[in-house]
Structure formats: structure tokens, C-alpha cells
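Undergrad: If you want the building blocks of each chain, they are given just below.
Protein chains: 2
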Amino acid sequence: MYRSHTCGELRITDVNKNVTLSGWVQTSRNFGELLFIDIRDRYGLTQIVFNKTENIDLFTQANQLGREFVVQIKGKVVERSNKNPKNPTGEIEIIANDLNVLSASKLPPFTIENNTDGGDDIRMQYRYLDLRRGEVQEKIIFRHKVGHEVRNYLNANGFLDIETPFLIKSTPEGARDFVVPSRMNPGQFYALPQSPQTFKQLLMVSGFDKYYQITRCFRDEDLRADRQPEFTQIDCEMAFVEQEDILNMFEGLIKHIFKTIKNIDLPDFPRMQYDDAMRLYGSDKPDLRFGMQFNEMNDIVKGKDFKVFDDAELIIGINAENCANFTRKQLDELTDFVKRPQIGATGLIYLRYNEDGTLKSSVDKFYNEEELKKWAVSAKMKEGDLLLVLCGKAEKVRKQMNELRLELGNKLGLRKADEFKPLWVLDFPLLEYIEEDNRWFAMHHPFTSPKKEDIEFLYTDPARVRADAYDLAINGVEVGGGSIRIFDKQLQAKMFERLGFSDAEAQKQFGFLMNAFEYGAPPHGGLAFGFDRLCAVLNSIESIRDFIAFPKNNSGRDVMLDSPSTIDEKQLKELNINTTI
Amino acid sequence: MYRSHTCGELRITDVNKNVTLSGWVQTSRNFGELLFIDIRDRYGLTQIVFNKTENIDLFTQANQLGREFVVQIKGKVVERSNKNPKNPTGEIEIIANDLNVLSASKLPPFTIENNTDGGDDIRMQYRYLDLRRGEVQEKIIFRHKVGHEVRNYLNANGFLDIETPFLIKSTPEGARDFVVPSRMNPGQFYALPQSPQTFKQLLMVSGFDKYYQITRCFRDEDLRADRQPEFTQIDCEMAFVEQEDILNMFEGLIKHIFKTIKNIDLPDFPRMQYDDAMRLYGSDKPDLRFGMQFNEMNDIVKGKDFKVFDDAELIIGINAENCANFTRKQLDELTDFVKRPQIGATGLIYLRYNEDGTLKSSVDKFYNEEELKKWAVSAKMKEGDLLLVLCGKAEKVRKQMNELRLELGNKLGLRKADEFKPLWVLDFPLLEYIEEDNRWFAMHHPFTSPKKEDIEFLYTDPARVRADAYDLAINGVEVGGGSIRIFDKQLQAKMFERLGFSDAEAQKQFGFLMNAFEYGAPPHGGLAFGFDRLCAVLNSIESIRDFIAFPKNNSGRDVMLDSPSTIDEKQLKELNINTTI
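Protein chains in written order, with my numbering: chain A, 22 to 602; chain B, 22 to 602.
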């Protein structure tokens with residue numbers, strides 16, 4: 022037996038017990054006569070005392086222990102004279118009478134502490150050491166807890182956890198697939214799933230009616246910061262449901278997670294049409310922790326000989342409350358911010374509603390006090406507020422203003438880490454036109470149902486067709502999304518046609534699903550949450566990487582494994598492939 | 022709302038309620054004035070009544086419903102005059118007042134019933150329909166329940182569910198890897214994990230101390246019947262443990278599953294040395310539901326001028342109790358069985374201990390009554406028993422006798438479907454010599470710890486070195502196995518050397534693990550259960566396939582998806598690979 026207790030377990034009530042602990046040496050302090058060693062495991066930290074007078078050999082041995090040595094210690098629990106109220110084991114210490122070095126350690130390449138001296142690269146390379154740091158370990162444990170509660174809720178609600186295959190069929194629609202050459206079927210390839218979408222729909226056709234799976238998905242996309250080639254999805258589907266049933270079920274799930282994990286009772290989630298979200302926030306995932314809704318100003322600013330506005334398709338203002346006292350420098354910073362190439366605005370116009378009631382704008386040349394007053398009224402400004410105005414092409418200016426709004430939210434401390442504002446965004450467009458491909462693509466995926474009343478516009482006005490699709494955003498982050506699915510073969514065929522599939526292509530790629538629809542498919546729909554992302558949002562952390570035990574870097578490499586790597590000629594030959602570089 | 026109740030929910034206490042049900046048409050019976058339709062979902066079957074006189078339109082509409090149509094029905098619950106006690110809803114029926122066809126169905130290619138008329142191939146192709154059959158659906162739901170209880174037990178015991186990567190590094194040791202070309206790292210490949218072995222060991226080095234994961238594993242092996250290229254493992258690891266801790270923890274898990282899923286209280290599991298298992302049963306996973314232990318007879322049969330025995334390395338007999346009355350035909354069948362090429366014995370010798378006390382063997386020429394009496398005594402035969410004897414090279418004859426024993430167990434009905442006999446098999450050999458490769462291989466894997474006292478024989482007598490490795494067998498099926506791991510870099514290096522790795526190879530493939538061992542690795546060990554296999558064994562079913570929602574056939578193909586398949590030239594080009602056929 023390596024231990025009788027963990028390093029986080031002993032309390033004042035255990036005094037006088039003989040115990041055995043095992044763990045890693047966190048610190049060692051030699052006071053001449055006494056040597057104190059803190060040993061650590063994932064449960065906590067316990068102080069061990071070695072007394073030179075009482076046992077010189079043991080003292081000498083203990084004095085040679087370095088950081089991260091793995092030791093087993095036997096001893097007696099005693100009350101500490103110098104208690105540490107911050108540590109749950111801080112009322113006791115162990116008088117050691119035996120020490121066994123289980124494993125020595127070289128000096129680690131960085132300190133194993135929350136405030137580590139290790140940079141990103143070295144910590145990725147030695148991920149197994151980084152995972153020893155308390156704050157990283159906590160995130161992995163947090164993820165475990167969330168997964169556990171997700172399962173508790175879904176199991177209690179009658180969902181079945183059903184595994185779907187990883188070696189599936191490549192389909193060019195959507196993101197790029199990772200593929201797997203088949204040795205047994207020369208010249209042919211499996212694909213790794215981008216999501217279990219078609220399988221969960223087949224499970225509905227099979228009658229399983231409530232399905233979930235916490236499963237890995239794969240997308241071979243060019244990696245942006247904080248995107249991983251493999252990521253985990255909480256994937257769910259229900260049959261005999263309408264959108265309302267799904268929203269209620271999964272709003273319940275998110276509430277359950279917040280309650281059980283964070284002890285937060287969330288009120289019912291507000292809902293917003295996609296069109297309204299874009300109009301009021303320039304985003305399909307608005308952060309509702311703060312206001313600054315968009316104020317469209319075309320009616321009141323056009324026709325005053327200010328060419329910039331007159332030429333603009335859309336002029337939007339947002340009211341930064343109590344910011345009239347922004348300095349020139351602060352305004353310049355905001356202007357620089359919106360002019361950054363990633364944002365691309367040409368300039369920023371402002372209107373100060375000073376505390377003394379006067380109005381001062383950057384376009385005083387073109388607008389008199391009375392006109393500016395109209396701006397202030399339309400933006401519901403009060404004395405002390407600052408109006409910030411952008412203009413341009415409607416779609417672009419909305420995006421730019423969204424960025425400015427979020428930047429202001431950050432600067433003003435309005436995006437609080439301990440506040441959570443979920444929002445359902447509903448009625449997404451079914452299709453989006455991609456200029457460079459010169460065709461319409463499914464915004465969600467080709468299996469999403471158009472709204473019945475919009476089907477007639479599939480060809481006459483594709484942009485107008487709304488989908489029975491919904492996203493859940495929390496604090497400006499999309500944590501999940503889904504849709505009601507098409508379950509009628511004719512409508513599915515029509516959808517593929519609209520997306521430019523020939524009948525033969527549709528049949529080749531998705532024939533199994535369309536065939537399935539011919540044998541009694543129930544109405545169904547579902548959604549999927551990004552598990553990594555959900556964990557990050559619950560902690561108000563932007564990066565998902567620390568919630569993944571062994572993440573890859575931005576080139577899709579695992580630097581710890583040094584993977585991907587070349588493989589043997591023999592392997593290539595067996596797989597009937599060559600590399601071309 | 023598509024339904025107020027499921028098709029398995031309504032009882033006599035619901036009489037007079039107005040309800041809405043949705044489901045699949047299972048059967049339709051027209052009695053002229055009344056039409057009965059059973060509708061089905063995964064919860065059950067409910068009888069719906071349409072009355073011609075009361076609503077001729079509705080009756081006519083209902084009369085056109087075919088099997089597997091998806092319908093929504095509204096009506097009133099009434100008590101049935103002709104109750105069906107076999108069906109939980111059999112006391113009631115629904116008088117329909119509204120019918121809505123949600124989805125029509127073509128005639129299914131086979132009947133959706135337990136006793137289906139569909140062959141294997143057609144059911145694989147239409148797997149989504151096969152999954153509608155009660156007995157298939159039950160298996161998928163059973164699997165869900167087992168998974169749930171595995172998690173309940175492990176979570177309650179402080180294990181953390183931690184996900185490990187799927188895109189990892191190819192290592193030639195072990196089975197063949199599936200590989201994934203990396204587009205972003207041209208000419209390089211990821212591999213899919215054969216198991217999360219090295220990752221779970223790293224997690225122990227990181228201090229997570231109790232880990233589990235129910236995860237997919239991949240092996241590109243030539244498929245035998247009932248082997249799948251992807252399969253699911255319940256993968257577990259613990260730190261600061263000895264073998265005894267692991268056996269107890271996972272014996273507890275299996276007991277928990279039997280108790281919660283099957284309401285069976287299993288007694289403590291017996292344990293057997295690998296050597297004893299081979300000697301007494303010729304198998305490392307003996308089926309303990311019945312006896313017929315091997316009786317080694319060399320001492321009493323050699324030296325009597327029977328050349329077959331004199332030349333044999335090992336002579337084994339098993340006592341088939343009460344089988345002395347086997348007919349000539351039965352004995353011939355057994356002889357044919359052992360002479361099949363898959364088994365390869367040259368013949369079968371028997372000794373009848375007749376009810377009248379006489380002895381009759383097939384080698385009476387060589388052995389007199391007194392000598393045969395010794396056989397009977399050594400095999401603990403009583404009157405009415407039958408001794409069956411095989412001989413040859415020790416290893417081969419043990420395997421042959423194992424097959425014969427199992428065959429007899431089947432024939433005699435001794436392998437009862439409702440009896441469960443778990444067994445820990447301990448102290449497996451560390452190494453096995455593979456003739457065709459002319460070298461020693463790790464029997465379990467290269468990370469398995471040799472027994473301390475046997476390390477000295479690594480080079481002098483490799484076959485003698487036992488491992489701290491253990492398997493759990495239930496009813497003759499290996500459901501799990503594991504080992505205490507090496508956690509010392511020097512010993513791990515020694516092991517790689519013994520397996521024929523150069524230092525450079527070991528470093529290239531497993532450097533990350535050996536490096537990790539230099540920074541304070543705790544003693545650790547673990548095991549993995551085959552989840553598909555465990556589910557099958559719990560149901561006393563041999564095939565794992567029906568416990569997998571979407572299995573592949575013996576060529577690794579998914580015939581429903583028609584996968585694997587060729588991929589676009591564009592995809593190949595992006596991946597920098599060519600096919601060579």
C-alpha cells in the first residue's frame with residue numbers, strides 16, 4: 022500500500038494517527054534543526070517534518086530531496102504550532118519516521134507553480150509537467166465535472182448515449198475532411214467525422230428518439246488561434262419535437278450545469294431573432310452583459326451635405342454612457358482601433374454630450390446644435406454620454422461597430438467575468454452566398470429545415486429563406502447551435518439541388534440518408550455544444566487550449582509527441598500510397 | 022407538440038384522458054367495422070381503434086396506412102375488453118379521433134420484427150431499419166446502461182474522465198496503425214490510437230492519479246469474424262497502487278455492473294496463475310462454468326510400447342462425467358472435431374468407465390485393465406464417466422484439448438447462459454518469442470513491468486520472466502486486462518533493448534514517455550476492458566456486432582455508407598499523396 026491518505030485529506034481530528042503519504046516534493050525548507058517538506062498530490066499539500074536530533078539519518082536523506090521527487094513518507098500526525106488557515110491540511114503536520122524515494126526527478130525545465138516561469142512553447146513540449154500545475158489541473162478536473170453533469174442531466178431526461186463510427190465516408194460539402202487510407206480496400210479512404218450529423222439523424226429514423234454523445238470531431242481547416250484540428254462536441258438529437266421542445270430541453274441542460282457546477286441560478290434565457298441580433302449588435306452572438314445597442318441614424322444624418330454620411334449605406338451610432346469625458350488620446354485610440362486592417366473602418370465620428378448640456382462633435386462643420394440634439398435624442402443620450410458613429414456598407418459597418426462595441430465593453434469593464442448572459446439566437450438564414458465560389462451554401466448544413474413559409478423563396482429570393490436554426494450564445498461566445506432537420510426526401514433533394522449538387526452527387530454522398538427518409542422518418546432536430554468552448558466560457562476564459570489535456574499547436578502539431586511525423590516506407594506500401602513531396 | 026405520451030406509457034389509470042401519440046405503424050388489422058392499428062416507439066406498443074360507423078373518413082384514411090408509416094394520433098384512452106397481459110399497455114386502447122401522417126414508408130426490405138426475414142447483408146445495408154427491431158434496439162440501450170453504470174462507479178471512486186488525442190504518432194510496435202496524412206505538415210502522418218496507453222501513463226506522471234475514459238481505439242488488422250477496425254475500450258489507470266489495489270478496484274466495478282444491470286451478486290472472483298490456467302485448461306481465459314480440468318498422464322501411460330504416447334511430449338485426459346454411454350457416432354463426431362484443420366489433432370483416444378465397472382478404451386491393445394484403472398483413478402473417474410485423451414507437443418495439445426473441452430461443454434449444456442464465472446488470470450509471461458520474426462515481443466505491451474525477482478532472467482531465460490500483468494476472463498472470454506507499468510527510465514530502456522529497439526528508435530518513438538519518467542514518475546498501473554465485448558458477455562452472446570450501432574463488415578466496410586470510398590483528386594493533391602493502384 023503506497024498511501025493511507027492523500028495529501029489533502031488529514032485534519033486536526035486525525036492527530037496521533039500513523040499515516041503513509043505519497044506525493045511530489047513541492048518545497049523543502051531547512052532550518053538547521055528541523056527540515057520541512059511539503060508534499061503534493063492532486064488533492065492537496067501536506068507538511069512533513071524531519072527532526073535532526075531525533076533521526077539524523079532520516080534528516081540527511083530528506084535533505085537531499087529535490088523538487089518533484091516522488092516520495093513515500095510514514096509518520097505520525099501532530100497538531101501544528103504555526104497553523105496555516107489557507108491550507109485545508111494547515112492545522113496538522115506529519116512527524117516523519119520513514120522516507121522512501123519512489124522516483125527521483127531532474128530539475129524541471131520550469132517551475133511547477135501557478136505563477137510559472139515557463140513560456141508557452143516549453144510548457145507544450147513538457148505538457149505532462151505543465152499538467153502538474155494547480156491551475157491547469159483544475160481546468161482538466163473542471164471539464165470532467167461538466168461532462169459528468171451533462172450526462173447526469175441527459176440520462177435523467179431519457180437520452181441514450183450511443184456511439185457512432187469514426188471511420189466514415191468523405192463528403193466534400195462543408196469543411197475539409199481528414200482522411201484515412203484503407204489498406205484492405207486499396208485506393209479507398211475513410212474520413213474522420215466532422216460531426217456525427219448524419220448518424221444521429223439515422224438514429225432518429227431508427228426510433229432512438231433521444232440521443233446524445235460526447236464525442237471527438239475533426240476538421241482539417243487552417244488553424245486560427247485557439248482552433249484545434251480535433252475538438253469535442255456534446256452532440257444531441259431528438260425525434261417528435263419542435264424547436265420549442267429542443268430549446269427548453271437544452272436551456273434546462275445549461276441551467277443544470279450552471280447550478281451544479283457554479284451554484285448559479287440562471288433566469289430563463291432571452292431569445293432574439295437573427296435579424297435583430299445583426300441590426301442591434303452586428304453579431305449573431307451578442308454579448309448581453311452590457312448595452313450599447315446600435316442606433317441606426319440614416320434618417321437624421323443624411324442630406325446635410327456631409328458626403329461621408331450621404332454616400333454611406335448605413336450610419337450607426339452607439340451610446341457610450343458617461344464617456345463624454347474621454348480624452349483626445351482615448352478617442353484617438355478608438356479611432357486607431359477601428360482603422361486597424363482587421364476591422365477596416367475609414368474613421369470614427371463622435372458626439373460628446375457634455376455635463377454642462379453642450380454638444381460637441383467631430384463633424385460640427387456639417388451639423389448645427391439642433392441637428393446634433395436630434396442625434397442625442399435618437400441615441401437616448403443623457404448629459405455625460407459619448408456617441409460613437411461609424412458608417413459604410415451595411416454588412417461591413419455592422420461588423421465594425423460590433424468590434425468597437427466589444428472593445429468599449431472591455432475598456433469600460435462591462436464584460437464582467439462573474440456575470441453570465443445566455444441568449445438564444447433564432448431564425449438564422451438558411452443560405453449564404455459565397456462570392457468566391459459563386460454559389461449558395463448552407464449556412465448551418467444541408468440537412469437544416471427551411472421555415473415552411475419560406476420554402477417558396479428558395480429560388481426567387483434565397484437570401485430571404487429563414488431556417489429553423491438556432492444558436493446559444495453566452496457572453497458573446499457561441500457555445501452551441503442546431504436546427505430542425507429536413508425529414509422528407511423530396512425537400513432534402515430540393516435542398517441539395519439548390520446547393521448545386523447533381524442528383525448523382527447527392528445520391529453518391531448522402532444516398533443512405535435520403536433512402537432512410539423513404540422508410541418512415543420522424544420529425545426531428547437537435548443541437549451540439551462545443552465542449553471545450555463551453556468549459557472555457559464557464560470560466561470566462563478565452564482560450565480552449567488549457568481545457569484539453571494534450572492540445573495541438575497552431576500548426577496542428579503535438580510538440581510533445583513530435584507528431585505528425587514521417588512513416589515507414591513499408592507502411593506507405595501496404596496502404597498503396599506515395600507521398601508527392 | 023407531437024405527443025403527450027410515448028407508446029409504452031399509458032395504463033388503465035389513464036382511461037378517459039385525451040392523448041396524442043406518435044410512432045410507427047407496426048400492424049394493421051381491419052375487421053370490417055373496426056380497424057386496429059398498433060403504433061410503436063422505443064418505449065412500447067399501443068393499440069389504436071378506428072370505428073367505421075363513427076368516422077368513415079378517418080377510418081378510410083387509417084385503412085391506407087402501411088407498415089412503418091410514421092403517424093400522429095389523437096384520441097381518448099379507453100379500457101380494452103380484450104386485454105393483453107403481455108403488453109404493459111395491454112389494458113387500454115385509444116379511440117382515435119384524429120390522424121396525421123407525418124411520414125409515409127415504402128415497404129421495408131425486411132420485416133421489422135425480432136424474427137425478421139432479412140439476411141445479414143440486407144440488414145447491414147439498411148442498418149437504420151435493422152436498428153428498429155426490438156432485440157437490436159435493446160442491445161444498444163443495454164450498452165448505454167452499462168456505460169452509465171461504469172461511469173457511476175468510477176466517478177464515485179474518484180476517477181477523472183480525461184480525453185486523450187485521436188491524432189497521435191505512429192509507432193510500429195504492436196498492431197498496424199491507421200494513419201492520417203497531414204495537409205499542414207506535408208509528407209507527414211498522424212496515427213489513430215490503438216489505445217491511449219502512453220497518454221494515460223503521462224497523466225499519471227502529471228498527478229491525475231485515477232483516470233478513465235470510454236474511448237474508441239483503432240487497429241488495422243486483418244479482420245477475423247467479429248473483430249472491428251474500431252472498437253471501444255473502458256480505459257483506466259491509477260497511480261500509487263500495487264496490483265492488489267487494481268484488482269480490487271475493478272473487481273468492484275464488474276460486481277457493480279452485474280448488480281445494477283443484471284441484479285446478480287457475484288461472489289469474490291477466484292484468481293489463477295497463468296501457468297496453472299494453461300496447465301489445467303490449456304487457455305489463459307478458462308471457462309469456469311464447468312470442470313473437466315486437464316489431467317496430465319505422462320507418468321502412467323508412457324513406456325507401454327504405445328508409440329503414439331511414447332513419442333508425445335504431453336498426454337492429457339479430461340473426464341467427461343456421465344458420458345460413458347456416448348455412442349460410437351458421438352465419439353466419431355468428437356474425433357472429427359479434433360481432427361479439423363483448425364484444431365489439428367491426429368486422433369482422439371477414449372476410455373469408458375462403464376456403469377458395470379468395466380473399462381473399455383480405444384487402446385486396449387496396449388493397456389490392460391489394471392493399467393487402465395490407473396488412468397481412471399488419476400482422472401478421478403467414477404462409473405459412467407468417459408475419459409478423452411489427446412497427446413502431442415505440449416503447447417499444441419493444450420490448445421487442442423482446450424477446444425475439445427469447450428466443445429464438450431457446449432454439447433453437454435454446461436456453458437449456461439445465465440451463469441457467470443469471472444476469473445482473474447495473473448502473472449502472464451512478459452515476453453513471447455515469435456518464430457517468424459525471430460525475436461522476443463512484449464506479450465502485453467512494452468510498458469508492462471516485469472516481476473522484480475525475474476528481471477535478472479531478461480537475457481538468460483526470457484521465457485521465464487513473468488510480468489505484473491493480469492486479465493479478467495468471464496465464461497471463457499477475455500473482457501479486460503492490464504498491468505503494473507514500468508516507471509523507471511532505466512528499466513524502460515532495458516525493456517526496449519530486450520525487444521530489439523536501438524536507443525535511437527526507442528527515443529524517436531517513445532522519447533516523450535522516457536523523458537517524462539525523469540521528472541518524478543509515480544508507480545502506476547491500470548487496465549482496459551473491451552466495452553463491446555463486455556456488453557456481449559453480459560448477454561452471453563458471442564458476437565459484438567449487434568452492440569455497435571453502426572458496425573463494419575469483415576472487410577472493414579460500412580456497406581450502408583458504402584465506405585471507404587475513393588476521394589477527389591483535389592483532396593489527394595492537398596494532402597500531397599498519390600494512390601499507387
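There may be inaccurate statements among the hints.
No copy labels: a pair is met if it fits in one copy or bridges any two.
Unchecked claim - Straight-line distance between alpha carbons at most 25 Å, and here's what the computed SDA-like set of lysine to any residue pairs gives: (1) Lys325 / Lys394; (2) Lys166 / Lys442; (3) Lys529 / Ser576; (4) Lys276 / Asn176.
Keep in mind that the hints were calculated from the coordinates and are not lab data.
Undergrad: Does each hint hold? Answer for all of them.
TA: Cross-check of the supplied hints:
Proximity of Lys325 and Lys394 under a CA criterion of 25 Å is satisfied intra-copy only: 14 Å inside one chain copy versus 122 Å between copies. Only within a single protomer do Lys166 and Lys442 lie at most 25 Å apart by alpha-carbon distance; the minimum there is 21 Å, versus 35 Å between protomers. With identical chains, the CA atoms of Lys529 and Ser576 are at most 25 Å apart between copies only, with a shortest distance of 20 Å across copies and 33 Å within one. Taking the closest pair of Cα atoms, Lys276 and Asn176 come within 25 Å of each other both inside a single copy (16 Å) and across two copies (22 Å).
In this structure, every one of the numbered hints holds.
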